[in-house]
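Which chain is which? The protein sequence lines are A and B, in order.
For the first sequence, counting from 1, position 32 maps to 56 in the working numbering; every step adds exactly one.
For the second sequence, counting from 1, position 164 maps to 223 in the working numbering; every step adds exactly one.
Note that these hints are calculated values from the structure, not bench results.
A quick note: this is a predicted structure, and the numbers were derived from the prediction, not measured.
Hints may contain errors.
[To be verified] Taking lysine-lysine pairs in the DSS-like style, the calculated list, with each CA pair at most 27 Å apart, reads: (1) B:K194 / B:K177; (2) A:K228 / B:K287; (3) B:K205 / A:K238; (4) B:K221 / B:K161; (5) B:K205 / A:K224; (6) B:K287 / A:K91; (7) A:K180 / B:K194; (8) B:K216 / B:K289; (9) A:K180 / B:K287; (10) B:K223 / A:K132; (11) A:K128 / A:K31; (12) A:K132 / B:K165; (13) A:K98 / B:K283; (14) A:K238 / B:K116; (15) B:K289 / A:K132; (16) B:K177 / A:K128; (17) A:K180 / B:K205; (18) A:K98 / B:K112; (19) B:K112 / A:K233; (20) B:K205 / A:K208; (21) A:K239 / B:K205; (22) A:K98 / B:K289; (23) B:K283 / A:K132; (24) A:K98 / B:K71; (25) B:K216 / B:K191; (26) B:K223 / B:K156; (27) B:K167 / A:K132; (28) A:K128 / B:K116; (29) A:K201 / A:K239; (30) B:K194 / B:K165; (31) A:K107 / B:K287; (32) A:K233 / B:K216; (33) B:K289 / B:K269; (34) A:K107 / B:K289.
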Amino acid sequence: MRDIHHKDVIFDFFSRLNEANLDYVLLRNSNNELPSKLKKNKDIDLWVALNNRERFIKFLKKNNFRKIRHPLRKYIRLYGVSKFEMFINKFGLIVDINYEICVKSLSKLHLVPIDEHYQRNILKNFKKIYFSNVPIKHIGDNEYVVLLIARQIFDKEAFSAWSISEINKLSSICNSKIVYQYLKLIFFSFTDELLYLINKKRYKIINQKYIEFKKY
Amino acid sequence: MSNPGVILLASKTNIGPNIVRLDIEDNIGESIHIHINNFRFDFTIDQFISFSKAINKSQVNLQRFKGLDFHNFDSFFLYRLSPFMNDIDSISYKNIKLKDLKCAQKIKLPFFSYWVFKAIGDSHHYNFLTNKSSKFSSYEQDNYIKVNNIQRINNVKNYLKKNKNYEPLVIYEGSNIIRDGLHRAAILQNLNDENYIVKCLVVKFRRNIKIKAFINNILNLFIKITNKFKNIIK
Numbered sequence: 025m026r027d028i029h030h031k032d033v034i035f036d037f038f039s040r041l042n043e044a045n046l047d048y049v050l051l052r053n054s055n056n057e058l059p060s061k062l063k064k065n066k067d068i069d070l071w072v073a074l075n076n077r078e079r080f081i082k083f084l085k086k087n088n089f090r091k092i093r094h095p096l097r098k099y100i101r102l103y104g105v106s107k108f109e110m111f112i113n114k115f116g117l118i119v120d121i122n123y124e125i126c127v128k129s130l131s132k133l134h135l136v137p138i139d140e141h142y143q144r145n146i147l148k149n150f151k152k153i154y155f156s157n158v159p160i161k162h163i164g165d166n167e168y169v170v171l172l173i174a175r176q177i178f179d180k181e182a183f184s185a186w187s188i189s190e191i192n193k194l195s196s197i198c199n200s201k202i203v204y205q206y207l208k209l210i211f212f213s214f215t216d217e218l219l220y221l222i223n224k225k226r227y228k229i230i231n232q233k234y235i236e237f238k239k240y
Numbered sequence: 060m061s062n063p064g065v066i067l068l069a070s071k072t073n074i075g076p077n078i079v080r081l082d083i084e085d086n087i088g089e090s091i092h093i094h095i096n097n098f099r100f101d102f103t104i105d106q107f108i109s110f111s112k113a114i115n116k117s118q119v120n121l122q123r124f125k126g127l128d129f130h131n132f133d134s135f136f137l138y139r140l141s142p143f144m145n146d147i148d149s150i151s152y153k154n155i156k157l158k159d160l161k162c163a164q165k166i167k168l169p170f171f172s173y174w175v176f177k178a179i180g181d182s183h184h185y186n187f188l189t190n191k192s193s194k195f196s197s198y199e200q201d202n203y204i205k206v207n208n209i210q211r212i213n214n215v216k217n218y219l220k221k222n223k224n225y226e227p228l229v230i231y232e233g234s235n236i237i238r239d240g241l242h243r244a245a246i247l248q249n250l251n252d253e254n255y256i257v258k259c260l261v262v263k264f265r266r267n268i269k270i271k272a273f274i275n276n277i278l279n280l281f282i283k284i285t286n287k288f289k290n291i292i293k
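Please model the complete structure; the sequences and the hints are all you need to start from.
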């Protein structure tokens, strides 16, 4: 049995999603695993507008997806964050739906939403990419690099080699002013030091420096 | 604005008749928040340290504590001691051989945990230092954020190797159980032997705090069970 999804399954899913005219944004495509290298135990991470939730679930059910337990269901969602939801279809394709972009808090089992200003721009600033000839709404570069940095610090607690290469690639094409404004909403006074450490490629010490930061 | 970089420094509920909630949070890069009921006070790091020093100074000046500086206590122990601070009658110092002291070790079962009292030489801490057992690495204890058990014991060991002066271990009058300082005790026994004499600070309470401690434990257990149920329902 293949442990990688056939690319037609991916093409079919996104084609139907586009036809349904739903507001969604693909949040990541690690190591360009989509459309042809997505392992069966990995999921597709989507942001969906909360006001589209009912339509989106109807769409998934119509396409033979069923709801499964979300791995983060035990986390306490702060600031009234909506539940994450996870669905699977008969091919084992897993879709992870985020209605708000969150990161894990430093406190145990807490999920905290990223600032509203950032959330609002997810749909506004998406970029179109193509899997073969299927158009995909992918998170914009500025929003993506910020999400990548935040997730490495809060969720992964270290910068992986892949994330470092993504950040390096994105840093030349992102709007530094916009990225700075977003980071300021997450890291506050630590933002300048964070950007300094990223520019100097001192990724290994970022998490430690963040915990020890006292200039505020 | 939501700050995901929050470290909960302390959290207490139902302190006296008026304080239902007291939370102290470090919001990294932003400010220190002290939540008292529905009020929130924001401090810079410098302001919070000044505030903390002022509280400590007033504590030191209380006659009852005879100049005892609580700032020298381990923060986690001080936090656990806080419900009983008002019951402290006096403090004194005593030199005791390590072999005459006992330590409390937590036994964790799937739904609850309990404590057993052992000689220092039988503790997970000592067994780790003498390479007898590796259970210490997963032993549940309070640590500073991003510091694991091994880093913590090694930090204390390096300190004790360089410094002869260490904070005394804490025991309660009428008991030989170490309330604070098991890391120090295990390391000193490892570096010396069980006949090594250590300085202990003896806390005497005005009244028997066992009933108060029992009620406190029951309340904590109730909060834990409630939280477990909440998680199961989710």
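Quickly compare the C-alpha distance for B:K194 and B:K165 to 27 Å and report which way the hint goes. 12 Å, holds
Agreement of A:K228 and B:K287 with the hint, judged by alpha carbon distance not exceeding 27 Å: Cα-Cα ~36 Å, so violated.
For a C-alpha distance cap of 27 Å, please report whether B:K221 and B:K161 respect it. 26 Å, holds
Below or equal to 27 Å on CA atoms is what counts here, so check B:K205 against A:K238. 16 Å, holds
Within a Cα-Cα threshold of 27 Å, do A:K180 and B:K287 meet the stated pairing? Holds. A:K180 to B:K287 sits at ~26 Å (cutoff 27 Å).
For the pair supplied as a hint, B:K289 and A:K132, confirm whether the alpha-carbon distance does not exceed 27 Å. 16 Å, holds
Check whether the Cα positions of A:K107 and B:K287 lie no farther apart than 27 Å. Given pair A:K107, B:K287 holds - Cα atoms ~19 Å apart, limit 27 Å.
With a cut-off of 27 Å on the C-alpha distance, tell me whether A:K180 and B:K205 pass. Between A:K180 and B:K205 the Cα gap is close to 13 Å, so the pair holds against 27 Å.
Within a Cα-Cα threshold of 27 Å, do A:K98 and B:K283 meet the stated pairing? It holds: about 15 Å lies between the C-alpha atoms, which stays within 27 Å.
Does the alpha-carbon distance linking A:K238 and B:K116 stay inside the 27 Å limit? 23 Å, holds
Please verify whether B:K167 and A:K132 have alpha carbons no more than 27 Å apart. With Cα atoms ~19 Å apart, B:K167 and A:K132 stay inside 27 Å; holds.
B:K287 and A:K91: Cα distance at most 27 Å? 24 Å, holds
Comparing the model with each earlier hint shows violations of hints 2, 8, 10, 11, 16, 18, 28, 33; every other hint is respected.
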